[in-house]
Amino acid sequence: MPEMNGIEFLEKAENIDDIKSKVIVMSNLSAGKEIDRVRELGVQNIILKSDTSPNQLISAIRYQLER
Amino acid sequence: MRPTKTQLQNEHNKTLSELERYKMLVENVQDYAIFFMDPEGYIQTWNKGAEKNKGYMHDEIIGQHFSIFYSEQDNADHKPEKELEIAKKHGRVEDEDWRIRKDGTKFWANVVITALYDDNGTLQGFAKVTRNLTERKQNEDNLKLANALLQEQQRELQRLNESKDEFISLASHQLRTPATAIKQLLGLLLEGYVENVPENILAILNKTYDSNERQISIVNSLLKVAQIDSGRIILRQQPVNINAVIKSIAAQYEGVINDKNQSLSLSLPDEPIYGSVDEHYYRMALENILDNASKYTHVGGTIRISSRYIDEYAEISISDTGVGITPENIPTLFDKFNRIPNELSHKIAGSGLGLYWVRKVIDLHGGIIEVSSEINKGTTFFIRVPKGL
Numbered sequence: 031m032p033e034m035n036g037i038e039f040l041e042k043a044e045n046i047d048d049i050k051s052k053v054i055v056m057s058n059l060s061a062g063k064e065i066d067r068v069r070e071l072g073v074q075n076i077i078l079k080s081d082t083s084p085n086q087l088i089s090a091i092r093y094q095l096e097r
Numbered sequence: 511m512r513p514t515k516t517q518l519q520n521e522h523n524k525t526l527s528e529l530e531r532y533k534m535l536v537e538n539v540q541d542y543a544i545f546f547m548d549p550e551g552y553i554q555t556w557n558k559g560a561e562k563n564k565g566y567m568h569d570e571i572i573g574q575h576f577s578i579f580y581s582e583q584d585n586a587d588h589k590p591e592k593e594l595e596i597a598k599k600h601g602r603v604e605d606e607d608w609r610i611r612k613d614g615t616k617f618w619a620n621v622v623i624t625a626l627y628d629d630n631g632t633l634q635g636f637a638k639v640t641r642n643l644t645e646r647k648q649n650e651d652n653l654k655l656a657n658a659l660l661q662e663q664q665r666e667l668q669r670l671n672e673s674k675d676e677f678i679s680l681a682s683h684q685l686r687t688p689a690t691a692i693k694q695l696l697g698l699l700l701e702g703y704v705e706n707v708p709e710n711i712l713a714i715l716n717k718t719y720d721s722n723e724r725q726i727s728i729v730n731s732l733l734k735v736a737q738i739d740s741g742r743i744i745l746r747q748q749p750v751n752i753n754a755v756i757k758s759i760a761a762q763y764e765g766v767i768n769d770k771n772q773s774l775s776l777s778l779p780d781e782p783i784y785g786s787v788d789e790h791y792y793r794m795a796l797e798n799i800l801d802n803a804s805k806y807t808h809v810g811g812t813i814r815i816s817s818r819y820i821d822e823y824a825e826i827s828i829s830d831t832g833v834g835i836t837p838e839n840i841p842t843l844f845d846k847f848n849r850i851p852n853e854l855s856h857k858i859a860g861s862g863l864g865l866y867w868v869r870k871v872i873d874l875h876g877g878i879i880e881v882s883s884e885i886n887k888g889t890t891f892f893i894r895v896p897k898g899l
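Chain order of the listed sequences is A and B.
Residue 50 in the working numbering sits at position 20 of the first sequence, and the numbers go up by one each step.
Residue 865 in the working numbering sits at position 355 of the second sequence, and the numbers go up by one each step.
These are computed hints drawn from the structure, not numbers from a lab.
Hints are supplied without guarantee of correctness; some may be wrong.
Calculated pairs, DMTMM-like style, for lysine to aspartate or glutamate (alpha carbon to alpha carbon, straight line, at most 25 Å) [said to hold, decoys possible]:
hint, chain 1, residue 1, chain 2, residue 2
1, A, K63, B, D739
2, B, K870, A, E33
3, B, K870, B, D821
Chain A with its partners taken away, still in its complex shape:
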């Protein structure tokens, strides 16, 4: 993303109410310290970009909104 990456955003947005439940992280990293960091920052919904077609992304967003 311009200006900052996803992790930097999550760190800055930590104080926003309930931000974690509104975030889906899409990444092509399936493991490693970046993913660990994302989990540390409270995001559970991490999807692998190369596993996700447009429809699957829509399902994931719907699922998140319904929770």
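Since the structure of chain A is provided, determine the placement of chain B on it from the hints.
Frame of chain A, contents of chain B only:
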């Protein structure tokens, strides 16, 4: 009764020849320098071994001080005198160190100095026995060097191995990016986000999409294998009812199996079978085997799964009526990048990494995986993990 003159004469002769024997003994031994020193350390006798080892001839050495065989440094440290003191105090002293020959060259010696007392307890002098161990020392030194070299090579190999894993990891992640773009763009066309795409074009796009999916799957396999090879996988093993795991996997694969008109039967005991497993990785391993069972079996074939305890293991066996594996191919079945050519293999996308990964995971669990097969009849995989108590 007093001894006769003849008896005395005979005693005298016997002693002489005994003395002569000792003289012969000491003088002629070539492998050891054996000589007598007076209480101050001056050399009184010299044998062939001493000549050979130290280079001095008899006449030039008698009367010299034995410190002549020690290095300058040893003499500066008063080592010869100190050794005599220890021999006097303890009866003997042993040392292994460098000694100097007449020509100035060094040799590695094992030295024993023994204090010699007469019947009255008076110190008469010292016996010095020296053995040349230069060859042994050289061998030892060479071994140490070779050892150090081997260890360095091992470290280098380890470093290379790690950089190989890092490279595979990096390349694989980077390959995901263009593959993702293709997946998303084709997805837009195939999932109805663009109107009026002609059927014939959709057909071509579908094939392209499938091809790309295979690419993604190969990259995923590479990453899995790089991760397990790098030793970074830490299993969290716990007692798990493996019957429940296999039931859930079977439900997951129902669709795939039905698509090929195959039948899947589970023959599991009612009582739970507990294995000590990290469920996340154990599942993936079983899924891989079940997936293979279906892929390498023709339409209409049968897959049977059963479980039991055997020895100290909890076992799941997955059996198919598929193409089978020949005996020659079994030893290399679990090798990296190995794909066995068979009736169906040219139609099936495979990286040759699945079974390698499965075996590694089962190994990490402390388990065993075995296979039994007959060509054109079918194959059975036995996956054993330690009992989870």
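Structure-based check of all given hints:
1. A:K63 / B:D739: Holds, because 18 Å separates the two Cα atoms, which is no more than 25 Å.
2. B:K870 / A:E33: violated, 42 Å
3. B:K870 / B:D821: holds, 21 Å
Of the numbered hints stated above, the single one contradicted by the structure is hint 2.
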